[in-house]
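Q: Heads up: the protein sequence lines correspond to chains A and B, in order.
Under the working numbering, the first residue of the first sequence is numbered 85, with each subsequent residue one higher.
Under the working numbering, the first residue of the second sequence is numbered 202, with each subsequent residue one higher.
No lab work stands behind these hints, which were simulated from the structure alone.
Straight-line C-alpha distance at most 30 Å; calculated DSS-like pairs for lysine-lysine:
| # | chain 1 | residue 1 | chain 2 | residue 2 |
| --- | --- | --- | --- | --- |
| 1 | A | Lys-243 | A | Lys-110 |
| 2 | B | Lys-380 | B | Lys-421 |
| 3 | A | Lys-397 | B | Lys-345 |
| 4 | B | Lys-421 | B | Lys-395 |
| 5 | B | Lys-450 | A | Lys-243 |
| 6 | A | Lys-366 | A | Lys-119 |
| 7 | B | Lys-345 | A | Lys-400 |
| 8 | B | Lys-328 | A | Lys-243 |
| 9 | B | Lys-345 | B | Lys-395 |
| 10 | A | Lys-261 | B | Lys-450 |
| 11 | B | Lys-400 | A | Lys-392 |
| 12 | A | Lys-193 | A | Lys-119 |
| 13 | A | Lys-243 | B | Lys-331 |
| 14 | B | Lys-450 | A | Lys-267 |
| 15 | A | Lys-300 | A | Lys-341 |
Just so you have them, the derived chain A footprint on chain B, three or more residues with Cβ under 8 Å:
| # | region |
| --- | --- |
| 16 | 232 to 242 |
| 17 | 245 to 252 |
| 18 | 263 to 272 |
| 19 | 339 to 352 |
| 20 | 436 to 442 |
Being a predicted model, the structure only gives us computed values, none of them experimental.
Idealized CB from N, CA, C, for every residue including glycine.
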Amino acid sequence: MSEAQIKSLEEEFEARIARNEKIEPKDWMPEKYRKTHIRQMSQHAHSEIVGMLPEGNWITRAPSLRRKVALLAKVQDEAGHGLYLYSATETLGVSRDELFEQLHTGKAKYSSIFNYPTVTWADMGAIGWLVDGAAIINQVPLCGASYGPYARAMVRVCKEESFHQRQGYELILTLAKGTPEQKEMAQDALNRFWWPALMMFGPRDDDSPNTEQSMKWKLKRKTNDELRQQFIDQTVPQAELIGLTIPDPDLKWNEDKGGYDSGKINWDEFWQVVKGHGPCNKKRMNTRVAAWENGQWVRDAAIAHREKQEQRKMNKTA
Amino acid sequence: MNNNLYNYILGIADNSLILGQRLGELCGHGPSLETDIACTNISLDLFGQVRSYFQYAAQIANDGRSEDTIAMLRTERQYVNVLLVEQPNVDFAYTITRQFLFDVYHYKFLVQLQKSNDATLAAIAKKSIKEVSYHLRFSSDWIKRLGDGTEDSHNRIQNAVNDLWAYTDELFHQTPADKTMIAEGIGVDTLKFKDNYFKEATEVLIEATLVVPDLEYFQKGGKEGVHTEHLGYLLAEMQYMQRTYPNMKW
Chain A
85 MSEAQIKSLE EEFEARIARN EKIEPKDWMP EKYRKTHIRQ MSQHAHSEIV GMLPEGNWIT
145 RAPSLRRKVA LLAKVQDEAG HGLYLYSATE TLGVSRDELF EQLHTGKAKY SSIFNYPTVT
205 WADMGAIGWL VDGAAIINQV PLCGASYGPY ARAMVRVCKE ESFHQRQGYE LILTLAKGTP
265 EQKEMAQDAL NRFWWPALMM FGPRDDDSPN TEQSMKWKLK RKTNDELRQQ FIDQTVPQAE
325 LIGLTIPDPD LKWNEDKGGY DSGKINWDEF WQVVKGHGPC NKKRMNTRVA AWENGQWVRD
385 AAIAHREKQE QRKMNKTA
Chain B
202 MNNNLYNYIL GIADNSLILG QRLGELCGHG PSLETDIACT NISLDLFGQV RSYFQYAAQI
262 ANDGRSEDTI AMLRTERQYV NVLLVEQPNV DFAYTITRQF LFDVYHYKFL VQLQKSNDAT
322 LAAIAKKSIK EVSYHLRFSS DWIKRLGDGT EDSHNRIQNA VNDLWAYTDE LFHQTPADKT
382 MIAEGIGVDT LKFKDNYFKE ATEVLIEATL VVPDLEYFQK GGKEGVHTEH LGYLLAEMQY
442 MQRTYPNMKW
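I would like the entire structure built from these sequences, with the hints used as guidance.
A: Here it is as structure tokens:
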């Protein structure tokens, strides 16, 4: 293909996106578009799978049968999200095994929030309320992403995430209205998860070099700081409503901007966790790798069985 | 309160409770996403059944007990599940074998429980049997897959069968509460399908190219509350919150 031809394809491609048309797997797309999407979509899929671990940590210890069932269902939903996000990523010409390989070798990233430990039952509420709450704000705009399979996956993911968020808030609310011990547990969870939840929106706009290209491709519809502000404005009243205190002494309503001013995020901590040195980075990865390696013989057996079945079928028809 | 009915319900529900708990341990650690989702799903079904049974038991007791206190505030000797379901998740072969040996029983049990004179138990059975027929298909398929798959998977599943087979006989032991409930047309006479259980389990194992153990001695005790050493740890974890923070709403 000549350079002129490629340029004309690229122009037509950008025009389609500008017209809000969806790009489908068999359509022509620039290599950079494909790679960027593989990176973001698989990162999202990995986050779902690694995200199962901090919550899975409390399944065996859930305080009531009702909560245990809800938690199991929630973690199962996350596995489901992982499954269809991996499938959507596979439409870009990469296999699930390759994506796992990237995760296990540390080449691919996942959301840093899952590198924090879940030390009390209240953390199940904080994750639902804050982490899923932040995830929804990040993800709702993606329902309008230009890549069709991703946009469609996000519609379903967002519906379930919004259910999880309400469930998490209800869990925290129950604790906040409970005994002093329970209320303390809820406040402690909020104290520990508030700042990491704010970090989920990524670096400040000034430090986020990929934003412009991603906005053009509708892989991102708002900047990190805009989304973070939206989350703060949405969450502060929710905390007040149930009598919990946001752990930010600088938090103050700003009448002029119609939003809250908030304190400074500890970016050193952000980069520490992103670079692999958070409290649970190693543990999470070891757990995922162990599950994968311990399961190798099972996956091998399934393949061997299928091949034998096919062979037997062929022998029969021959 | 009708003690026999109460104890009979515990005898059914404790199996689902303990097996559900074991499967819950695996969530996020499965050999593939699909098997992970399936095992979690089975756990979810079992806990759903447990809730129905214990809510009914709490209603019968009518003394302030709840589904949660029944599930989590008994002592080890008061749990009456069979030993099979408390066996640990040694590896996927053990998990599948434990599931399979229980599912064959569970399905046949629920078929009969649907005909119980007790309308609530019959209704729970009717709802659960759809779920359990799926569990049985899942575990049977994996028995065959692992038996037929590779030499390694064959050996692993054979080992698991050899170890867990000793716990099958107890499925058919009957406590005094069981016998009373059978006489009243409420309980299921499990002895009536014992032969069929071994016949069907054997058929699947043979199809999976496995050897059916020929044992002289079997293990028992769970139904009388005498468990393997594994159960205490499982309960310590399961009961942690209820024990540490008594009388609270969650």
